[in-house]
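*Asks:* Each chain, letter by letter, is given below.
There are 2 protein chains.
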Amino acid sequence: MIPQSRYTARPMKHCDTLISPRWCIPVRPSGEVLLEHAVIVTDGRIVDVLPLTDAGQKYQPSISLDRPDHVLIPGFVNAHTHAAMTLMRGFADDLPLEAWLNEGIWPAEKRWVSEDMVRDGTELAIAEMLRGGVTCFSDQYWYPETVAESAVDLHIRANVGTPIIEFPTAWAGSLTEYLEKGSELVHDAYADHPLITSCFAPQSSAALSDDGFVELRVLADQLDVPIQIHLHETAKEIENSLEKTGMRPFERLNQLGLVNSSLLAVHAVHMEDDEIAKMAETSVSIAHCPQSNLKLASGIAPIIDYRAAGVTVGLGTDGAASNNTLDMLSEMRIAALLAKARADDASALSATAALSMATLDSAASLGLANDIGSIEAGKWADLTCVNLSPLHSQPVYDPVSQLVYTARAEQVSDVWVAGHHQLENGDLTHIDTASIRARGNEWRQRFSGEISWS
Amino acid sequence: MIPQSRYTARPMKHCDTLISPRWCIPVRPSGEVLLEHAVIVTDGRIVDVLPLTDAGQKYQPSISLDRPDHVLIPGFVNAHTHAAMTLMRGFADDLPLEAWLNEGIWPAEKRWVSEDMVRDGTELAIAEMLRGGVTCFSDQYWYPETVAESAVDLHIRANVGTPIIEFPTAWAGSLTEYLEKGSELVHDAYADHPLITSCFAPQSSAALSDDGFVELRVLADQLDVPIQIHLHETAKEIENSLEKTGMRPFERLNQLGLVNSSLLAVHAVHMEDDEIAKMAETSVSIAHCPQSNLKLASGIAPIIDYRAAGVTVGLGTDGAASNNTLDMLSEMRIAALLAKARADDASALSATAALSMATLDSAASLGLANDIGSIEAGKWADLTCVNLSPLHSQPVYDPVSQLVYTARAEQVSDVWVAGHHQLENGDLTHIDTASIRARGNEWRQRFSGEISWS
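Taken in sequence, the protein lines are chains A and B. The opening residue of the first sequence carries number 1 in our numbering; numbering runs sequentially from there. The opening residue of the second sequence carries number 1001 in our numbering; numbering runs sequentially from there.
Looking at chain A on its own, in the form it has when it is part of the complex (with noise of 0.2 Å):
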């Protein structure tokens, strides 16, 4: 037998996609922005990243996609939403946060909100974060069992999270129902899932006794289940947990055992250098949503602070009840321009750092680093492309500047979860919209009063 001359050509390795864009920006390493390179996928992972030359003599793809005036990312990890509040959104706006929440969104929530709400407002979400790059979102809401087959009917990937409180609503009536439908989550249903990951999510530090809090953290550490948790949101929240258990949140939370790397506070507008310090020696991420904490006059978290200190900041939306869309591109413009004003510097936070926060450090948050956030060889093929040949983009000096300063969700043209193209050309082409837009306005309806429940 002759031995195989090392100078021969290689056969072609076959693989699902290959994907040329004009500029690949695979957020880690940091700064780095690929021109003439190709990424391969394969069996919904990215399986390589490579010189354009060298793939089309290694791969042979079933798919070839040229996108030659776009910029490909990992797509955007929105930490934190309340998917089915799509179905509130823009339904009491521009009131104080206190008449927000007393006389809009929880009466109505209260008379309205059920499993069939929760999936038309879930779908409703997931086709408008699907158009917008997002390949990835946080829940916290009602019915999380509804939330999580919305995302795998509509395949997005989902980290959902179960509500956990100690009063009775429509969806459990004691905290053992809602610890036990959240295990049944994590355990049963979803466990091993590729798309689907959880967590517990009390309402805020008002939402359990010492006692609840214990229970839930027992459970959560025996499940390994992180907790998110929305925290020092407003003054107001701070003041009132002084007022009855003589602590501010955080520091309660610490004693009861919560504070440490599962933990995922979400808002943390109000943080004092102290808090700041223990959050990052025990690894507490932050999920940042600086446009809802705006629209409800919350106040402009310190993330500057956070980065300086070590502590992972992801970035989130909210619900679109106070944001009032669930689009990445807009809140990392804003997470970018604010943290210049909030720190007094206009070199505070590049557009380099704003992108790394909607992708790495959002999936980090999430404690899905390994999994998703970056273009990596491993990684889950969860793709966005977006185009910069729009005038209002145009022209392209950096094209990070161009995504984080100047992009809008329309330019984005291509998306893939886990390799399944979910957008093409900005064609939704999985999804039946029109029965989402329709559903909505029903809602819309039933929330005005037009029409009662049937």
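I should point out that these hints are in silico values taken from the structure, not numbers from a laboratory. Do not rely on the hints blindly, as some may be mistaken.
Claimed, not checked - Facing chain B, from chain A, some residues (calculated, C-beta under 8 Å):
hint	residue
1	E103
2	W112
3	R131
4	T282
5	A341
6	R437
Unchecked claim - To be clear about the criterion: a stretch of chain A counts as covered by chain B if any three or more of its residues have a C-beta under 8 Å from a C-beta of chain B, and this derived list gives those stretches:
hint	region
7	53-63
8	289-295
9	320-327
10	406-413
11	438-449
Where is the CB? At the ideal position from N, CA and C, for every residue including glycine.
Fit chain B to the given chain A structure using the hints.
*Replies:* Structure of chain B alone, referenced to chain A:
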């Protein structure tokens, strides 16, 4: 002769265009949302706003347009920009203000600004603005006569500012020459032009000596032309003035006789209470540019205080080198959100108030409120139509809220400027966008040193 019965049907009147949107928001009266109404346009003017059924009996239009998912509003008035700087979009991002100006923008301008550069950059800006629903912009840049020409060529309304300084540039050699060229623009070239008005635009209080300001004031009074100036944009600007003149810039302008109803203070980020009272008393207007103020870390202007005092606050995008788009929908949303956060009150600035800022108040700040800024019979037919059917704007509880908090520029379907249909169903029908894009890219190559000037 038999007298005509008063009950005989009146003859139908001819009109150019009948537009029937789902919702019409005239902006004046404030808060009004008209359903099943038509707007009638003839000879470039709005001639009637009336119920659709009446319109069918009264008018015989050449063109009749149904916009069944759309909201019709007055065209956006961009109260402050430097249009040609679109060519420097993203050229020097994420730098502190001093470095941005001294190392990025100014050397590049010194090297490259010319009549051709201003034409190409201004056309890019105009195309972007028309696409995004802007029907009028106030500009401040070199070669203002070229800005005016481009505006007329591409048919958009412009308030063209003549730069006034005391040092020589490629465009003019001395204060006298700047003033002469400005007078020419106001007096000879565009007097009574239907699309063009003018103003004098000293860059900042540091641009002129006391004598220079007095000379400018005398001429502006004589020609009855407004003055716009960057004023109290940064804390540093105020410091420098205090050091050099012993006065804050506003106080200095006041002593020199420039603080009056002809003054448009651009930015006005840092104003003391007594200065606000003085602005109200003297009817000074403000051009608020929130995104630029964030991006350059200048601060957040106290527009709730201005409005409470009775000061007119218009809205502008500033130039694309510091924003980085000329997108008034985005500017309007951020203005509303920031005002809430700055005032610590989620009801501080409503969606209705934000829309008024971006249209009628901007028009008023430029002295054009009798001609544009609202949908009223007699005003120019400067109109913008926005489609609210995309999923991220659904469902629609309140069209004003959806417009301000969810709509993106791609949803602008139609734009009329003085009755000319410049954007039709999302297409810039009269503009060669390929040529504009190509020229933009050539300038990028020159600015980046990739090609030399030919």
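*Asks:* Run every hint past the structure and note whether it holds.
*Replies:* Hints and how they fare:
1. E103: 12 Å, violated
2. W112: Because about 13 Å separates W112 (chain A) from the closest Cβ in chain B, which is outside the 8 Å limit, the hint is violated.
3. R131: R131 (chain A) check passes; min Cβ-Cβ to chain B is 7 Å, inside 8 Å.
4. T282: 29 Å, violated
5. A341: This hint holds: A341 (chain A) lies near chain B, its Cβ roughly 4 Å from the closest one there, short of 8 Å.
6. R437: Because about 6 Å separates R437 (chain A) from the closest Cβ in chain B, which is inside the 8 Å limit, the hint holds.
7. 53-63: violated (count 0)
8. 289-295: As far as the region 289-295 of chain A goes, the hint holds, because 4 residues have Cβ atoms under 8 Å from chain B.
9. 320-327: Answer holds; 5 residues pass the 8 Å Cβ test.
10. 406-413: holds (count 4)
11. 438-449: holds (count 6)
Checked against the numbered hints above, the structure violates hints 1, 2, 4, 7; every other hint is satisfied.
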